[in-house]
Amino acid sequence: MKLSKTLKNGFLILVASIVLTACATQKKTTTGQLQGDVYTGSDSVEYLASGVPDRVFFATNETVLTTASRETLRKQATWLRKNSDINVVLEGHADERGTREYNLALGERRANSAKDYLMTYGISSNRISVLSYGKEKPVDSGSNPLAWSKNRRSVTVKAN
Amino acid sequence: MLFRYLFIFLVLLPVKAFALIEVDITRGNLNPLPVAVSPLAIDKSSKENFKKILKKENLGSEISMIVENNLKQSGLFNPLNKEAFLQEAEIANLKPRFEDWNLIKAQALVTGKVTFVDDKLRVEFRLWDVLAGQEMMALAFTTVPSNWRRVGHIITDKVYERLTGEKGYFDTRIIYISEKGPKTNRIKKLAIMDQDGFNNKFLTLGNELVLTPRFSPTNQMVTYLSYFKNLPRVYLLDIETGMQEVVGDFPGMTFAPRFSPDGKKIIMSFAKDGNSDIYTMDLENRIVERISNHPSIDTSPSYSPDGKYITFNSDRSGYQQIYVMNSNGKNVKRISFGNGLYGTPVWSPRGDLIAFTKLHKGKFYIGVMRTDGTGERLLTENFYQEAPSWSPNGRVLIFYRETKTNAKGEGFSAKLWSIDLTGYNEKMVETETDASDPSWSSILSN
Amino acid sequence: MNRNVVVSFGLHTLLLIITAMSLPFLAKKPIDLPPIISVELIQITDKTNIPFAPKAKKVIEKVKEKEKKLVSEQAPPKKIKKQKSDTVPLPDEKIEKIKKIKDKKQNPEKVETEIKQISEFEKKELFDSNNIAALIDKSKVESAETSKKLDKITQDQDKEMDFGGLTLSEEDALKAQIFGCWSIPLGLPFNEDLLVRIKLQLKPDGSIVKTEILDHARMNRPGQGFYKVLAESALRAIKLCQPLRVPSTGYERWKNMQLNFDAREMLEG
Numbered sequence: 345m346k347l348s349k350t351l352k353n354g355f356l357i358l359v360a361s362i363v364l365t366a367c368a369t370q371k372k373t374t375t376g377q378l379q380g381d382v383y384t385g386s387d388s389v390e391y392l393a394s395g396v397p398d399r400v401f402f403a404t405n406e407t408v409l410t411t412a413s414r415e416t417l418r419k420q421a422t423w424l425r426k427n428s429d430i431n432v433v434l435e436g437h438a439d440e441r442g443t444r445e446y447n448l449a450l451g452e453r454r455a456n457s458a459k460d461y462l463m464t465y466g467i468s469s470n471r472i473s474v475l476s477y478g479k480e481k482p483v484d485s486g487s488n489p490l491a492w493s494k495n496r497r498s499v500t501v502k503a504n
Numbered sequence: 008m009l010f011r012y013l014f015i016f017l018v019l020l021p022v023k024a025f026a027l028i029e030v031d032i033t034r035g036n037l038n039p040l041p042v043a044v045s046p047l048a049i050d051k052s053s054k055e056n057f058k059k060i061l062k063k064e065n066l067g068s069e070i071s072m073i074v075e076n077n078l079k080q081s082g083l084f085n086p087l088n089k090e091a092f093l094q095e096a097e098i099a100n101l102k103p104r105f106e107d108w109n110l111i112k113a114q115a116l117v118t119g120k121v122t123f124v125d126d127k128l129r130v131e132f133r134l135w136d137v138l139a140g141q142e143m144m145a146l147a148f149t150t151v152p153s154n155w156r157r158v159g160h161i162i163t164d165k166v167y168e169r170l171t172g173e174k175g176y177f178d179t180r181i182i183y184i185s186e187k188g189p190k191t192n193r194i195k196k197l198a199i200m201d202q203d204g205f206n207n208k209f210l211t212l213g214n215e216l217v218l219t220p221r222f223s224p225t226n227q228m229v230t231y232l233s234y235f236k237n238l239p240r241v242y243l244l245d246i247e248t249g250m251q252e253v254v255g256d257f258p259g260m261t262f263a264p265r266f267s268p269d270g271k272k273i274i275m276s277f278a279k280d281g282n283s284d285i286y287t288m289d290l291e292n293r294i295v296e297r298i299s300n301h302p303s304i305d306t307s308p309s310y311s312p313d314g315k316y317i318t319f320n321s322d323r324s325g326y327q328q329i330y331v332m333n334s335n336g337k338n339v340k341r342i343s344f345g346n347g348l349y350g351t352p353v354w355s356p357r358g359d360l361i362a363f364t365k366l367h368k369g370k371f372y373i374g375v376m377r378t379d380g381t382g383e384r385l386l387t388e389n390f391y392q393e394a395p396s397w398s399p400n401g402r403v404l405i406f407y408r409e410t411k412t413n414a415k416g417e418g419f420s421a422k423l424w425s426i427d428l429t430g431y432n433e434k435m436v437e438t439e440t441d442a443s444d445p446s447w448s449s450i451l452s453n
Numbered sequence: 022m023n024r025n026v027v028v029s030f031g032l033h034t035l036l037l038i039i040t041a042m043s044l045p046f047l048a049k050k051p052i053d054l055p056p057i058i059s060v061e062l063i064q065i066t067d068k069t070n071i072p073f074a075p076k077a078k079k080v081i082e083k084v085k086e087k088e089k090k091l092v093s094e095q096a097p098p099k100k101i102k103k104q105k106s107d108t109v110p111l112p113d114e115k116i117e118k119i120k121k122i123k124d125k126k127q128n129p130e131k132v133e134t135e136i137k138q139i140s141e142f143e144k145k146e147l148f149d150s151n152n153i154a155a156l157i158d159k160s161k162v163e164s165a166e167t168s169k170k171l172d173k174i175t176q177d178q179d180k181e182m183d184f185g186g187l188t189l190s191e192e193d194a195l196k197a198q199i200f201g202c203w204s205i206p207l208g209l210p211f212n213e214d215l216l217v218r219i220k221l222q223l224k225p226d227g228s229i230v231k232t233e234i235l236d237h238a239r240m241n242r243p244g245q246g247f248y249k250v251l252a253e254s255a256l257r258a259i260k261l262c263q264p265l266r267v268p269s270t271g272y273e274r275w276k277n278m279q280l281n282f283d284a285r286e287m288l289e290g
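Protein chains in written order, with our numbering: chain A, 345 to 504; chain B, 8 to 453; chain C, 22 to 290.
Treat the hints as calculated values from the structure; they're not laboratory data.
None of these values were measured; they are calculated from a predicted model.
Worth double-checking, as some hints may not be accurate.
Dumping the calculated EDC-like pairs for lysine to aspartate or glutamate here, alpha-carbon to alpha-carbon at most 16 Å [stated by the list, open to error]:
{"hint": "1", "chain 1": "C", "residue 1": "LYS196", "chain 2": "B", "residue 2": "ASP31"}
{"hint": "2", "chain 1": "B", "residue 1": "LYS279", "chain 2": "A", "residue 2": "ASP460"}
{"hint": "3", "chain 1": "C", "residue 1": "LYS276", "chain 2": "B", "residue 2": "GLU29"}
{"hint": "4", "chain 1": "B", "residue 1": "LYS127", "chain 2": "B", "residue 2": "ASP50"}
{"hint": "5", "chain 1": "C", "residue 1": "LYS220", "chain 2": "B", "residue 2": "GLU29"}
{"hint": "6", "chain 1": "C", "residue 1": "LYS249", "chain 2": "B", "residue 2": "GLU29"}
{"hint": "7", "chain 1": "C", "residue 1": "LYS260", "chain 2": "B", "residue 2": "ASP136"}
{"hint": "8", "chain 1": "B", "residue 1": "LYS196", "chain 2": "B", "residue 2": "ASP441"}
{"hint": "9", "chain 1": "C", "residue 1": "LYS220", "chain 2": "B", "residue 2": "ASP31"}
All chains, please: the whole structure from these sequences, using the hints.
In structure tokens form, the structure reads like this:
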């Protein structure tokens, strides 16, 4: 009687510990639209020209460019070299999950990351100006991680 | 033997003289103090005159209603129902029959008189301790009739101070951003109102994005961020004249502006090439000074009331934290060390605390900590809230909250909220439209 | 490689089973409840007694009634003093001592003879004081509370026995009453000394004759404005709570009382 109870409890512990070890602390979602925290979809993306997306996305609190972002910016650089009379404004944005003033600074830094990268591809800095909107101009008004990821962006806008 | 008897005698003697029993009272109730605000007495001709000028039937009761409402909103007082008042306003003002007021359980009583004299409004009021049966305070002052609402606020300030020992905060205004429209395309205007929500006025038209307005120490100017011509810059606005001017000639975005305690400088962030640092500009000689110099984001600067220190927000440690430095930028010290991100530090007018916003595990908190970072206390939690601003007596914090939107992106609203330093009396501040970025003025009547 | 895995797995499982068997909640031991001891709260009054039989209680009740009448009928304090020995029965020993003290006063010469007898007397006294100590054991709790400052005197316990602070229940009753009346001003600073001590002079029915704020000077000191507010709130509480919940007997011991209002606990929370 006692033995069977002990065995039963022992088995439960075993199962529980196995379940625990199998659980990862972070969910690595590659749900098609998000990779980690960065938006990889095309919902809100517009195009400067055929095949040239106008924006790059960032992870929460981050200002570093992802591989996908760099690819997009290379396309933009190519297009800008072809159209040397066009100037652009890089508009930096942040999601709503932060304080307003810091988000203004964050947006500016994101836009500058993009600008710096464009410059390494030979685009002159007097063709590029930077403008931050912080969290003031979201593209998706949802209150969920997907919406927020779409809002963390730097958008290249034609200035003339 | 003798000594022993002497000793006993000496011991018993004080006993015979009745040694004092001491009882420790360590608890009480936190109930608001019951106070009766009697309508101010007003003579017939004054009543007529005010009715003509201000279009108010009975200015005496209008003013007392302001006092009543203010006291109630503070959470510290419970103004009693006027229906139960036994004494008439005129008589009560001369010498209240305390038994009558005691009957309705009032512990304090406000009475007064308002008269129209020399085209001006003259008011006198008295505060009575009903239980002790004596006058606690008596004051009189004169002003222009159009200031009648401020009269109510000034009386409240005096009564509040006499009963709590703290300076009041009722004769003040709040400047904020009035918001309208869908989240993706908000129309924002600069707005100003009395602390009780009355006399709301718009100061900009809504054609360009405006953010984070703050009062000057004299309450005559406002500094804020405007996206006029799509260039985000710090501006100055004169409330009386409506004149706006850009602060300085910076080759990049300036934002997060505040006044120095002496009103002579504007302190703000300047962003260039991905880096935001703190700068000041002297409003008289236009000299710009760089205060912080670090590749991290430095923003949300706020002076201590004596002007000697600055608290600010920086991510130099990797994440948003709160720092304090001398007003010349030296001696930078981090003071926030809890779990989570910290932002929007703002120094209390009393100099003793710094209020802040904290983000931790997806929740936003409004909290306070001592100026050395110890004693962190979180006052309230919400899905989204930020940017506390202090009442001039350092007791109440006003901030703003936004709601979640549903799956369709609907249901978004932004409102002003306030909370007492003790964590009590958390309530929404009514505004005509949605509102954000509130900032409290100092006392107007100084 | 495989063999190692199997061995590792086996050992881990063994470990888990051992842990399981030794875990307390799994080894279902019978729950050991301590036997319920019924506790009877004893009313500790002026006379300290060992639990009395129900009959005795009634007798004592009657005596209390008589005392009540005596107390309320008394006029100026002076008279009360004279009748002291009637209302509060002293153990015989004490009366003897008092007599002896009186004698001493009258006949200074007698002192020497008494000194000779010290040793015998001392023995006697020791015995008696032990007796008293045993009797008043129960009142130690309250005497500790109400006589913090009087601890130096060894005869303290005797004093408490006779004229005791308020009993626990009396004190609680008064505290509870005042808790309800005291509206603590929320606007007080946290980090200051928030203690207001008020001396009261009471009538037998609990109404107030006189109040005096100790530390009165602090009320008008610059920067201590909140102290005035605090003191005023305490005074209001007292006035509001009239008549105070005072004990029904022993007017002499509580007619002068000091209430220490300390707002710290409430505000620091």
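Which hint numbers does the structure go against, in order from smallest to largest? 6
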